[in-house]
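In order, the protein sequence lines correspond to chains L and D.
Numbers 1 to 177, taken from the working numbering, label the letters of the first sequence in order.
Numbers 1 to 105, taken from the working numbering, label the letters of the second sequence in order.
Be a bit skeptical, because a hint or two may be false.
Stated by the list, open to error - Subject to a maximum C-alpha distance of 30 Å in a straight line, what follows is the list of computed DSS-like cross-link-like pairs (lysine-lysine):
no.	chain 1	residue 1	chain 2	residue 2
1	D	93	L	99
2	L	99	D	91
3	D	93	L	101
4	D	91	L	101
What the hints assert, rightly or not - Reference listing, derived: stretches of chain D covered by chain L, where coverage requires no fewer than 3 residues with Cβ under 8 Å from a Cβ of chain L:
no.	region
5	9-15
6	39-50
7	62-68
8	73-84
9	89-103
Derived by calculation from the structure, the hints in this document are not laboratory data.
For clarity, every value in this text was computed on a predicted model and none was experimentally measured.
For glycine and all other residues, C-beta sits at the position ideal for the given N, C-alpha and C.
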Amino acid sequence: MNLLSSVLSPQTVATAAFIMVVTLTVVGALIAVAARNIFHNVLGLAASLLGVSGLFLYLNSPFVALMEILIYVGAICIAICFAIMLSEPLHLPRPPRNKIKILGAMAGAGAVFVFLGLLLKKTTWVPAVERSTDWSVTTIGHYLLTNYALIFELVSLLLLVAMLGAIVTARGGRSKP
Amino acid sequence: MLLFNQLQTYLYLALILFAIGLYGVLARRNLIAVLISVELILNAASLNFMAFNRFLAPHPAVGQVITLFIMAVAAAEAAIALSIIVAVYRKLKSVNVEEATELRG
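So here's chain L without its partners, still in its complex pose (with noise of 0.2 Å):
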């Protein structure tokens, strides 16, 4: 009885969690950018994303949480889809894997790893000596509104020009049928 309690106590629940997520998020990852069909390069990003909203759940932010899956789940996915639906098909044979090249993207991607790991290890991080614990959405609701209203006006015209560029450059060549 004693052992079960210690088992299913909330710190070892939530570390089994916290450990699946972050399972989720490596192995999608993993699958988006190394397996050869780009159909299940997205099905492994979407995993991916939904480990990191996730991680912002247990990094105390469900809203943030939430807009991740809402935004690059239910938004972004989608759209590289309809992407992949609309160019190659993928029943076409792909060219062979250049041995080189993918050696050559381990070495860079492993040095700015090994890079970026070392200096994580020597740094130590001090925290704020005043934190405030206000994390509510109504707190975010007033930044947008007052500190960073100009960055949310501009972030809305940066969308409308978006969609108006993304309108104009996919028309282009269109023929009439």
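On the provided structure of chain L, position chain D as indicated by the hints.
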């Protein structure tokens, strides 16, 4: 000290995501796969912001606001990139990076 209550855990995770995304950008030849890798890199950046926000920042709402901005910019970037990919496919009948060499002198 619990695993998920340490800043280092999240920073290392973001580093792993960033390295995987960087490998994808360098190694893949399909334009859509390159875009997917860029999304992974952007997610690593947001994860870093959220981790610092949780453990170090004086006002814990600011990092969340910045992560929301990153998401909005990523959505705009994905829309533009996908429309360019569709346009490139119409012109070249291929989404391979190595075949899009029209601007080469």
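Hint by hint, work out which the structure violates, then give me just those numbers in ascending order. Hint check: nothing fails, all pass.
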